[in-house]
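Novice: What follows is the residue order along each chain.
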Amino acid sequence: MSNQQPTFKPALQRKQALYVLLLLSVAAMGSVALSLLSGSISVTFADLWQLLSHDQPTLTRTVVMELRLPRTLAALIVGAELAVAGCLMQVLLRNPLADPYVLGVSGGAAVGALCSISLGLGAFWISGSAFVGALVNLLLVFGLAHGQGSWSPTRLLLTGVVTASGWGAVVSFLLSIGEDSHLRGMLFWLMGDLSRASLAGVNLTVLLICLALSWALARPLNLMLRGELQAKALGVSVYPIQLTLYLLASALTASAVTQAGSVGFLGLVVPHILRLSIGTDHRVLLPAAALAGGTLLLLADTLARTLIAPQQLPVGVITAFIGVPMFLWVLQKSNRGQL
Amino acid sequence: MMNCLTAKQLKISISGKTICQQFDLQLNAGEVWGILGGNGAGKTTLLHTLAGFRAADQGEIRLFDQAIAQLKPRTRAQQMGFLLQDDQAQFPATVLETVLQGRHPHLGFWQWESPEDYLLAEQALLKVGLADYAHRPIEQLSGGERQRLKIATLLVQQPKVWLLDEPANHLDLHHQIELLSLLTAQIKVVQGCLLMSLHDLNLAQRFCDKLILLYPDQPPEQGCVADLLVEEKLSQLYQHPIRCLETDAGRVFIAG
Numbered sequence: 001m002s003n004q005q006p007t008f009k010p011a012l013q014r015k016q017a018l019y020v021l022l023l024l025s026v027a028a029m030g031s032v033a034l035s036l037l038s039g040s041i042s043v044t045f046a047d048l049w050q051l052l053s054h055d056q057p058t059l060t061r062t063v064v065m066e067l068r069l070p071r072t073l074a075a076l077i078v079g080a081e082l083a084v085a086g087c088l089m090q091v092l093l094r095n096p097l098a099d100p101y102v103l104g105v106s107g108g109a110a111v112g113a114l115c116s117i118s119l120g121l122g123a124f125w126i127s128g129s130a131f132v133g134a135l136v137n138l139l140l141v142f143g144l145a146h147g148q149g150s151w152s153p154t155r156l157l158l159t160g161v162v163t164a165s166g167w168g169a170v171v172s173f174l175l176s177i178g179e180d181s182h183l184r185g186m187l188f189w190l191m192g193d194l195s196r197a198s199l200a201g202v203n204l205t206v207l208l209i210c211l212a213l214s215w216a217l218a219r220p221l222n223l224m225l226r227g228e229l230q231a232k233a234l235g236v237s238v239y240p241i242q243l244t245l246y247l248l249a250s251a252l253t254a255s256a257v258t259q260a261g262s263v264g265f266l267g268l269v270v271p272h273i274l275r276l277s278i279g280t281d282h283r284v285l286l287p288a289a290a291l292a293g294g295t296l297l298l299l300a301d302t303l304a305r306t307l308i309a310p311q312q313l314p315v316g317v318i319t320a321f322i323g324v325p326m327f328l329w330v331l332q333k334s335n336r337g338q339l
Numbered sequence: 001m002m003n004c005l006t007a008k009q010l011k012i013s014i015s016g017k018t019i020c021q022q023f024d025l026q027l028n029a030g031e032v033w034g035i036l037g038g039n040g041a042g043k044t045t046l047l048h049t050l051a052g053f054r055a056a057d058q059g060e061i062r063l064f065d066q067a068i069a070q071l072k073p074r075t076r077a078q079q080m081g082f083l084l085q086d087d088q089a090q091f092p093a094t095v096l097e098t099v100l101q102g103r104h105p106h107l108g109f110w111q112w113e114s115p116e117d118y119l120l121a122e123q124a125l126l127k128v129g130l131a132d133y134a135h136r137p138i139e140q141l142s143g144g145e146r147q148r149l150k151i152a153t154l155l156v157q158q159p160k161v162w163l164l165d166e167p168a169n170h171l172d173l174h175h176q177i178e179l180l181s182l183l184t185a186q187i188k189v190v191q192g193c194l195l196m197s198l199h200d201l202n203l204a205q206r207f208c209d210k211l212i213l214l215y216p217d218q219p220p221e222q223g224c225v226a227d228l229l230v231e232e233k234l235s236q237l238y239q240h241p242i243r244c245l246e247t248d249a250g251r252v253f254i255a256g
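Protein chains in written order, with the numbering used here: chain A, 1 to 339; chain B, 1 to 256.
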């Protein structure tokens, strides 16, 4: 038996993983094209080609390069950040219900952003104060969960959930005292909105660094899902990895929230859809989540700004409209067992 | 004789209860040890401490002459395997994915599982009788099949020191005998040692060379099976009359 070849073919499985990633990349590129082409001014493929090869300043060029492209990139990056953050948070808390916002990052950011909106400040201040709010939450939850030294995912989860509901109360308070003229902006922020997105460069850097670091930890992450002790028994340094996960997931979420407000649902559902369809190996799952999350948010945002144009919908509404039925369908179809 | 795992002057306590004090232990190559004791006697705590999962109050544990507290988790896992009593899997995974995780301590940081790793996984699944289930989700396995899956993961890990927390849990009689025979035979092959907590006195008698008895009201005792598996000590251990019957199949222990 020692000379026997294994019947399980690792090469085949790796090839399948590669196909999945390739397919998702193609989908991502397709959705970028779709996003650039659709909108109030019609642009064709030929126009796009022209834009790339010449650089005369035309109206089409301005619309595509200065309006649609930044927003497209922002959607792609924010979606990827949320999906990866969701994956990491679910591993950290070992809870299938965890999403990027479960530890209150978006709550802290929301309080910051809403304060700025109610003071009538501009986009820069809204983003800036959202980021500060997220950072405050990060330190607060970490400090409180650490408390008397012992730290466990359950303790972290409870601390985070309670802190998040505290932020929720502050948000309700801000909404109830907010001026009517600011309410719409506040609600859009809370539901997730990409129309203010800027700073794509910073976000892209955050995404790439966090993705690279978490991908390097992918195999230990697989073991962490089996439980803390099981991971320890198989030689994983559990605590440093938990700490890294917390920081990476928080950084990704803070960056996404700063750009787009709290886009719900994506960070919860994309990891699960992928786990159910391609398996739990994080070496494949993490890049796949980045691609799928980006694609889904971009498609949702394209719909959000074209569906009832010229009026725009908050993208968070659309992600839920697409995400809920898609998730339920995958859950029904899946033969990989329940969550 | 090579000693695999040693503990010196160990003091372990949990929630104010002292499990052992000034406790010395030496597991030598080729030996199979059993831990016996009632519920809450500290079997799991002792095993977890010996594995380095929790710190001892006092004393030192050495794995192949290196202090276990100073060992990197990965280095430790290359030499020591642990069978946990409960598993907490909440996310979907297949049997094959799970069993391959046993190779983790032997793979480099960037390394992926090689065909040899897959071969080891396949052989381990064959040994525990789960080869046909390789692509099944683990949630679909029964309790006993999950226990066999954990044992397969351990076989793939190929440690020298094996710490097993109630390995016979959930297993039917056939698999209890078959898998414990497999594991104890493995010890002789790799010149390692094995320490397991058990509730079944007959299994302890059949497979163990030496025993640790964790009494509820007095310090633990260790020694050869022949010296410790006697009615008087066992009755005190479980605070319940235990009887030893001589049958033509050998000695059999029953609760009185």
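I should point out that these hints are in silico values taken from the structure, not numbers from a laboratory. One thing to keep in mind: the hints can contain errors.
[What the hints assert, rightly or not] Cβ-to-Cβ under 7 Å is the rule here; a few derived chain A residues that face chain B: (1) L223; (2) G227; (3) Q312; (4) L313.
Cβ coordinates follow ideal geometry from the N, Cα and C atoms, glycine included.
Novice: Per the CB criterion, is L313/A less than 7 Å away from chain B?
Specialist: Violated: closest Cβ of chain B sits about 33 Å from L313/A, beyond 7 Å.
Novice: Once the shortest beta carbon distance from Q312/A to chain B is found, is it less than 7 Å?
Specialist: Constraint on Q312/A not satisfied, violated at 37 Å.
Novice: Are L223/A and chain B close enough, Cβ to Cβ, to be under 7 Å, as the hint says?
Specialist: holds (6 Å)
Novice: Is the interface hint satisfied for G227/A? The criterion is a beta-carbon contact with chain B at less than 7 Å.
Specialist: holds (4 Å)
Of the numbered hints listed earlier, those contradicted by the structure are 3 and 4.
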